[in-house]
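S.K.: Residues per chain, in single letters:
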Amino acid sequence: MRTALAVSVTRSVAALSRVAGRGDGSVIGGRVGMMIDPALLTHLSGGRRIALISGTNGKTTTTRLTAAALGVLGPVATNSFGANMPAGHTTALARAGDTPYGVLEVDEHYLRRVLDETGAEVVALLNLSRDQLDRAKEVAMMAQLWRDAVQERDVSIVANADDPMVTFAAAGHPGVTWVAAGQRWYDDSWVCPGCGGAIKRAEAGETQITGGGGAPDADWRCTGCDLCRPSPQWRITGEAVVDPAGVRHEIQLELPGRVNRANAATALAVAAHFGVRPAAAVPRLAEVASVAGRYARVQLDGRAVRLLLAKNPAGWLEAFDMADHEPTLLAVNARGPDGLDTSWLFDVDFSPLRGRRVLISGDRAHDLAVRLSVNGVPFEHVPDLDAAVAAVPPGRLEVIANYTAFQDIRTELNRVT
Amino acid sequence: VSLNWASLDRNSPDWATLDRAAPHRPSRESAVRIAWVYPDLLSTYGDRGNLLVLAHRAALRGLPVEAVEVRSDQPVPVDADIYLLGGGEDGPQALAARRLAADGGLASAVNRGAAVFAVCAGYQVLGRSFFAKGQKCGGLGLLDLESDRGPSRAVGELAGEIDERLGLPTLTGFENHGGRTHLGRDVRPLATVSAGVGNDGLCEGAWRGSVLGTYSHGPALSRNPALADLLLCWATGRPALDPIDDAWPERLRTERLRALHLV
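First to last, the sequence lines map onto chains A and B. Anchor point for the first sequence: position 238 equals 238 in our numbering, and the numbering is continuous, going up by one each time. Anchor point for the second sequence: position 12 equals 1012 in our numbering, and the numbering is continuous, going up by one each time.
The hints are simulated quantities; they were obtained by calculation from the structure and are not laboratory data. Among the clues, some could well be false.
[Unchecked claim] If you want the footprint, here are the derived chain B segments under chain A, 3+ residues with CB under 8 Å:
no.: 1; segment: 1047-1059
no.: 2; segment: 1200-1213
[Unchecked claim] Label pairs and their computed distance ranges (CB to CB):
no.: 3; chain 1: A; residue 1: Gln151; chain 2: B; residue 2: Gly1178; range: 27 to 37 Å
no.: 4; chain 1: A; residue 1: Asp226; chain 2: B; residue 2: Arg1149; range: 36 to 46 Å
no.: 5; chain 1: B; residue 1: Ala1247; chain 2: A; residue 2: Asp107; range: 33 to 43 Å
no.: 6; chain 1: B; residue 1: Gly1062; chain 2: A; residue 2: Asp226; range: 22 to 32 Å
no.: 7; chain 1: B; residue 1: Gly1156; chain 2: A; residue 2: Asp107; range: 35 to 45 Å
In this text the structure is predicted, and so the values were computed from the model without any measurement. From the three backbone atoms N, C-alpha and C, an ideal C-beta is built for every residue, glycine too.
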């Protein structure tokens, strides 16, 4: 009775908040519902088979891809608005009504609690890297928190074998499926979170190293203990995902970049746990075109504008890989959700942008200007997206923005999804 | 373990040059040699930026630069001109202090008159003692100061008027630390605090000779180009460097100080 009331209130408050134009209501709805029934998330999870998706980068996109893949089996509850803490999970499940499945994106810090409260069957661990230092915990500490959350727990794990931090969290658990999901950002995993030893990586051109996992991809191992790259069951080769049986699945994603093919592989691995055949799920992945504005394409004054979100150094490197060789607007803010310290700009090597026309905007464009000067990347400063569009000739414009700058641009575009 | 010195110039693809340099010994006698000490232990957000800014500003003056990242399992070179130390968490900070003390290279370099620029945890390590994980740890004693824990974490914009003997404009940076630092008689404060906390809410950083420490991230040298040039002057023995176009750093400085209502 209490739960039924809480569910009803959660939905109503979320809807009211949405109508009032105060965001999508995911957070406030869940908060109010949990006041009425503190165990609401647990009650709403009962009877559902749930997968959790967590990591520093790619969790919103992977959640969407996983929900699309599980859609083969029936309706799926999911927090597709990126509200990734327990209040958001509560609202997502309350709104969904009776669905047999749930796929929830989880903020890294909340993984243990959400595992506890939802009794999830599967958890996907994507990657860990530095994100907003003035708020977040050290990366190695986060890896330890994940390890404490998943070890000794009856849960299946889908984990990235290419990230030493993720591997440390999952290694030794009996139920791990390893995905070669890649790692472009090494600078937070040179030191083993277990023993403090140096992590050795295969050099360019070298596919494996002595004592490593022996897998035919970029190999790594700790020089101080036995932590090493596990042999992955799921791999990516070119445009294809290779499943544990060795079957190649060509994937045609609307979403750009190698990192999204890796996210697709993770989604397929999670879906496989629920009995979805990769061949059945692959066509559904191609239907995902944008995720809460990320990767969205918008026509503005004859320019095809595409939006890419980059929240931290690792995310920026991925975005440079995703963006095409076209005029590119970079927008950087430093409001609360972005972290107030812009020092991270010097952790990103912007040199891949050399040769492209680069425009900059955002609250902290001056920090970015100094960074790009030092990096030898010429740029033009513009006040906003409209000015950038006006400055480039008809054709393409790639936009890469950090969190609140991205939301500002979405607002300029009437909250494009 | 031999060190990989890398030549940096205007066309070098940023730190990729450092990471992938073929091993070679420092060659050009005239080059400004910069050693980044223990980036595996003392490196937080953007600390690499101080090295990049120094290399960039030297290159714009036509000064060749050779730089090296010294990992904590390598000996600290005694023949660099500028030593950089960054911020870090408690555990790595305590480890860095022990290894630097045992190595002795940094102390020799300071006795020789080399320039040192240390930020946050690295700044505390230069002092006589600091607190890490609730324990008092011995520092290197290269600056006469002691650090302990403050009542709360200092996070936010930091600004102050720099010691007039250094002849530099206002210091601007971003601080993020739980320590409070108490200066002895043998050092002078780097700046008088006008916003933020710094050492103790009154003064910020410390310097003596050519050894300089600060709580400013940002990175500090990207926001304080005159401070970067001072280090390059110390390193080269030149009284001044050719002026360069600092329009963007100046705009950044004005914006940051205006946000604090200081200009």
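S.K.: Now look at each hint and say whether the structure bears it out.
M.R.: Status of the hints after comparison with the structure:
no.: 1; hint: 1047-1059; in the structure: holds (count 6)
no.: 2; hint: 1200-1213; in the structure: violated (count 0)
no.: 3; hint: Gln151/A to Gly1178/B: 27 to 37 Å; in the structure: holds, 30 Å
no.: 4; hint: Asp226/A to Arg1149/B: 36 to 46 Å; in the structure: holds, 37 Å
no.: 5; hint: Ala1247/B to Asp107/A: 33 to 43 Å; in the structure: holds, 40 Å
no.: 6; hint: Gly1062/B to Asp226/A: 22 to 32 Å; in the structure: violated, 51 Å
no.: 7; hint: Gly1156/B to Asp107/A: 35 to 45 Å; in the structure: violated, 24 Å
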